[in-house]
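Chains as they are written, first to last, in the numbering used here: chain A, 1 to 301; chain B, 1 to 329; chain C, 1 to 352.
The set of hints was computed from the structure by calculation and includes no laboratory data. Treat the hints with care, since some could be wrong.
[What the hints assert, rightly or not] Residues from chain A shown here face chain C by an in silico Cβ test under 8 Å; the list is partial:
#1 R97
#2 E100
#3 A106
#4 M107
#5 A108
#6 G122
#7 D124
#8 V125
#9 T126
#10 A158
#11 Q159
#12 W180
[As the list claims (entries may be wrong)] Think about it this way: if two alpha-carbon atoms lie no more than 30 Å apart in a straight line, the pair counts; the simulated DSS-like pairs of lysine-lysine are:
#13 B:K229 - C:K17
#14 A:K116 - C:K21
#15 A:K213 - C:K14
#16 A:K61 - C:K17
#17 B:K229 - A:K127
[Unchecked claim] Quick look at which bits of chain B chain C covers, simulated, 3 or more residues with Cβ under 8 Å:
#18 29-38
#19 42-52
#20 252-264
#21 290-304
Since we're looking at a predicted model, the values are computed, not measured. Yeah, the Cβ is synthetic: ideal placement off N, Cα and C, and Gly gets one too.
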Amino acid sequence: MNSNNDFEKNENDGEDMSTNTVHQSSGLANVAANHAAQKQPGNAPLGSGLEARGIHAWFGKHHALENVSLDFAAGTVTALIGPSGCGKSTFIRTLNRMHEFIPSAAMAGEVLLDGKDIYEAGTDVTKIRLQIGMVFQKPNPFPSMTIGENVLSGLKLAQIKSPINKDDLLEECLTRSGLWSEVKDRLGAHAGGLSGGQQQRLCIARSLAVNPKVLLMDEPCSALDPGSTLRIEDTIGQLAQTMTIIIVTHNMQQAARVSDYTAFFLSDGGPGQLVEVGPTNEMFSRPKDERTENYVSGRFG
Amino acid sequence: MPVSSTQIQKAPPPAPREITTKPRASDIFFRGVLTTMSMSSLLILTLIGLFLSFRGYQAFKTQGFHFLTAYDWNASTDAGQKDVFGLGAMIIGTLIISTIALLIGVPLSVLTALFLTFYAPERIKRALTTLVDLMASFPSILFGLWGFIVLMPMAEYWAKLIHKYLGWIPVFSVPQPAYTRSPFIAGIVLAIMIIPIVTSVSREIFGQTPLDRIQAAYALGATRWAMIKAVVLPFGASGVVGGAMLGLGRALGETVAVYSVLNIVFKPNWQVLYGFGGNIASMIVQKWGEASLSESKALLAAGFVLFVMTLLVNLGANFIVRRAIKSGK
Amino acid sequence: MTTLITNPRVEPRKPWKSTPKQELPNILMLLLAVVATVVVVAVTPMKGKLAYAFLFFIFGTTFQMALSWKKRGRAAATDTFAGAVMMTGGFIVFLPVVSLLWTTISKGFKGLGLHIFTQTMASTSYSDPLSKGGLLHAIIGTLYLIVIATVISLPLSILTALYLTEIKGRASGLIQFLVQAMSGVPSVVAGVFIYAAILLSTHLRGSTFIGALPLAILMIPTVTRTSQEVLNLVPNELREAGLALGATQWKAVATIVVPAARSGLITAVILGVARIAGETAPLLFTLGTTDKINWNPFVGGQNALPYYVWSGLRDGTEGGVQRAWTAILVLLILVLSLFTTARIFGNRKAKR
Chain A
1 MNSNNDFEKN ENDGEDMSTN TVHQSSGLAN VAANHAAQKQ PGNAPLGSGL EARGIHAWFG
61 KHHALENVSL DFAAGTVTAL IGPSGCGKST FIRTLNRMHE FIPSAAMAGE VLLDGKDIYE
121 AGTDVTKIRL QIGMVFQKPN PFPSMTIGEN VLSGLKLAQI KSPINKDDLL EECLTRSGLW
181 SEVKDRLGAH AGGLSGGQQQ RLCIARSLAV NPKVLLMDEP CSALDPGSTL RIEDTIGQLA
241 QTMTIIIVTH NMQQAARVSD YTAFFLSDGG PGQLVEVGPT NEMFSRPKDE RTENYVSGRF
301 G
Chain B
1 MPVSSTQIQK APPPAPREIT TKPRASDIFF RGVLTTMSMS SLLILTLIGL FLSFRGYQAF
61 KTQGFHFLTA YDWNASTDAG QKDVFGLGAM IIGTLIISTI ALLIGVPLSV LTALFLTFYA
121 PERIKRALTT LVDLMASFPS ILFGLWGFIV LMPMAEYWAK LIHKYLGWIP VFSVPQPAYT
181 RSPFIAGIVL AIMIIPIVTS VSREIFGQTP LDRIQAAYAL GATRWAMIKA VVLPFGASGV
241 VGGAMLGLGR ALGETVAVYS VLNIVFKPNW QVLYGFGGNI ASMIVQKWGE ASLSESKALL
301 AAGFVLFVMT LLVNLGANFI VRRAIKSGK
Chain C
1 MTTLITNPRV EPRKPWKSTP KQELPNILML LLAVVATVVV VAVTPMKGKL AYAFLFFIFG
61 TTFQMALSWK KRGRAAATDT FAGAVMMTGG FIVFLPVVSL LWTTISKGFK GLGLHIFTQT
121 MASTSYSDPL SKGGLLHAII GTLYLIVIAT VISLPLSILT ALYLTEIKGR ASGLIQFLVQ
181 AMSGVPSVVA GVFIYAAILL STHLRGSTFI GALPLAILMI PTVTRTSQEV LNLVPNELRE
241 AGLALGATQW KAVATIVVPA ARSGLITAVI LGVARIAGET APLLFTLGTT DKINWNPFVG
301 GQNALPYYVW SGLRDGTEGG VQRAWTAILV LLILVLSLFT TARIFGNRKA KR
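Model the full assembly from the supplied sequences, consistent with the hints where possible.
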């Protein structure tokens with residue numbers, strides 16, 4: 001059942017992609033090159049590196065992800081691309097231990113944050129998730145809280161004290177997520193009244209409040225209109241100066257616009273695998289693997 | 001004649017055609033039967049209201065408003081004497097016992113529902129769910145028998161302890177050491193009886209908590225309890241209130257179980273540990289056997305009062321539960 | 001490909017599940033709590049099972065909290081506390097169920113014997129030995145009541161459910177509302193209603209048939225609501241397929257929808273029967289009473305299992321209460337087997 005569904009979805013996505021990118025493989029490379037050029041060299045990157053070593057993931061008997069090893073250098077943006085069902089979402093969820101919420105889930109391998117395995121026995125998983133934040137596909141602010149409470153909810157949830165004045169923290173987080181000017185006059189209003197794009201930026205602000213070193217984004221723009229998408233991409237660009245960002249995306253232009261590195265995942269019917277990883281402009285201009293070439297040129301979804 | 005395009009543009013928009021089918025005779029008959037039959041619930045409820053108020057009218061007429069507020073219940077034995085029927089103590093008693101049942105039963109049910117939804121390992125979850133469902137199917141006379149034989153001695157001991165340590169609070173004081181058949185014990189029996197319904201409604205609501213909010217909380221480093229406090233409880237609160245009201249509706253109308261463990265006296269009793277109390281349903285059963293005709297009619301009037309009380313509570317509860325479930329979807 | 005072959009086989013792990021070694025401190029803490037409880041009970045005036053349970057809860061929770069605070073901080077300690085409270089809540093709910101079942105079985109077992117299914121109380125009093133007298137008349141009475149109540153309520157319930165699912169007429173909202181209101185009618189009210197409507201208004205006396213009327217009232221909402229749920233599960237394509245073949249709606253419902261929902265409808269009826277089989281209060285006003293078998297449902301009083309329990313309990317003598325326990329055991333077995341049958345039926349339906 002499952003694999004069938006995925007297969008159908010792949011085909012749909014393929015159609016989608018072909019309209020967007022069939023003639024654009026060189027264009028994408030240009031965008032990526034520009035993006036790389038914009039990055040100011042010499043700025044010491046903040047945040048921490050994350051290292052995945054030999055990650056496998058299972059759902060019950062189903063082997064979803066096979067032997068993925070990836071390095072995420074501190075202060076970089078890495079895009080994970082690939083067709084649906086290739087395991088990229090599963091992979092990103094193993095990086096902050098959200099994978100284990102599925103009762104049948106199992107995994108193998110190591111994820112090193114600052115050189116320490118987050119799966120090591122005795123590790124406090126809540127501390128891990130404070131350091132590795134996550135933004136989801138669908139904006140999910142807490143509807144029972146106001147905008148301000150939403151931003152600060154992480155402090156309350158993890159029972160930690162704010163390092164600075166709460167109002168300052170609120171302003172800082174909302175400014176970094178690019179939402180401050182739009183909501184500064186209605187911080188006491190309920191979050192449900194915001195637009196989808198604003199809600200998603202609110203969710204980003206919410207993750208920033210607990211000061212994570214790494215931010216995982218699981219298709220953060222897939223539920224948003226193009227305008228909101230661009231604003232979030234701007235935000236990602238700003239954030240990348242202070243933290244490590246890993247973003248799953250279906251949209252290859254987006255990968256080209258925002259990321260320094262791109263990793264391509266693929267499943268040939270079996271478990272998802274990492275096909276190729278490299279600097280984004282190289283991945284889009286001269287990929288080493290034929291399958292990557294086919295994918296980025298839009299020959300299949 | 002050919003129609004030019006300008007003419008078409010000028011023509012007024014066509015009125016929507018009405019789609020009609022002439023139903024066949026068998027369908028008309030079929031629909032008629034179903035519609036008539038579905039009115040049976042309306043008929044029954046109306047008849048209950050009508051008959052009870054009609055037969056109890058005499059009591060309402062002779063007693064007036066005192067029927068609801070007075071505390072005496074004396075059926076005259078001589079022709080010259082006047083009947084005095086006052087339901088006040090029974091109404092107060094019913095509310096006190098139901099309140100005790102809610103105070104004990106609802107927190108336990110919510111805790112159990114949370115435990116089952118978020119904490120219990122799969123095997124314990126299945127076993128406990130089955131047991132709670134089983135409990136819902138136990139006949140109320142079983143609760144009466146068990147309450148009288150097994151629970152009463154234990155609850156008496158608990159009552160003594162509560163009195164010993166918390167006796168300085170007025171509701172826990174007792175004028176004499178008489179702890180059997182108190183509102184407290186009746187309240188415990190009712191609490192056990194409403195636990196299945198409150199638990200299952202709460203469990204249903206908690207289970208519908210949107211997964212993306214749960215994940216958002218966990219991704220922010222929340223512990224399980226922090227997640228429940230921030231996401232599940234705000235989401236499920238109104239559903240729990242509705243479930244509690246369904247439980248209240250059941251508690252108000254419960255008869256034989258309460259009768260078995262309550263000493264019914266026509267006097268309001270706020271000292272819940274002290275051995276007497278009031279309850280409309282049980283009082284009806286108690287007085288029924290040797291009631292004169294006029295007293296029987298007063299009992300029917302009491303039945304009418306109980307009917308209206310439970311009707312209001314249940315409708316409120318259903319309204320809240322349905323709204324809560326809808327908002328979840 | 002060669003790399004794949006040389007790769008050692010990777011086993012799925014669940015690193016988030018704690019190992020026995022990690023559980024060790026928790027178990028030690030619980031043992032410590034047991035020791036502390038025993039010591040405190042020994043040296044202080046607090047005594048009894050309640051003291052043990054209370055102290056164990058206090059010590060167990062405190063020690064576990066201390067442990068998680070030390071390992072993972074304040075938030076974790078709060079979480080541990082909340083978990084302990086919830087588990088205790090679940091455990092407290094678990095106790096009365098077990099006690100109810102256990103007492104019924106252990107006490108009721110004593111009076112059990114073949115004779116209770118072959119004899120009545122016609123020539124037996126409560127003070128006679130338990131080996132004399134039986135429940136036969138009450139069992140027959142209960143079966144009578146079930147059959148009559150089902151015969152009356154079944155057509156009303158199923159047709160109401162069909163109205164709500166198939167016709168969805170203008171009155172649907174109202175009917176739904178009324179069915180819900182009806183499910184909240186207390187059983188005692190149903191009883192006094194039938195008394196007021198029939199026994200007080202006519203010359204009829206209490207009988208099996210009249211006793212079944214309030215039960216039918218109580219059964220209708222249960223059966224209607226369950227049937228409605230089942231009928232809603234019948235896929236719309238089936239209905240449309242029938243109508244597209246030119247069937248009248250009546251034919252489509254009778255030959256397609258109802259047969260498709262058959263096992264679900266049976267479940268609904270069984271649940272309805274389980275709901276009323278143990279009802280006592282309404283019978284007190286409508287059933288009359290007898291200690292003999294009464295085969296005539298329309299004339300003369302009747303007995304029933306819950307009524308029999310009620311009489312024994314009200315009598316209060318040792319013999320009366322003992323007989324009540326035996327009768328409630330038989331009643332409980334009846335209700336639970338109905339309940340289990342309904343569940344099995346329901347599950348089979350769900351799996352298909």
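Each hint, compared with the structure:
no.	hint	verdict
1	R97	7 Å, holds
2	E100	4 Å, holds
3	A106	4 Å, holds
4	M107	6 Å, holds
5	A108	5 Å, holds
6	G122	7 Å, holds
7	D124	4 Å, holds
8	V125	7 Å, holds
9	T126	7 Å, holds
10	A158	6 Å, holds
11	Q159	4 Å, holds
12	W180	29 Å, violated
13	B:K229 - C:K17	24 Å, holds
14	A:K116 - C:K21	21 Å, holds
15	A:K213 - C:K14	25 Å, holds
16	A:K61 - C:K17	18 Å, holds
17	B:K229 - A:K127	19 Å, holds
18	29-38	holds (count 8)
19	42-52	holds (count 7)
20	252-264	holds (count 6)
21	290-304	holds (count 4)
Violated hint for the displayed structure: number 12, the only one.
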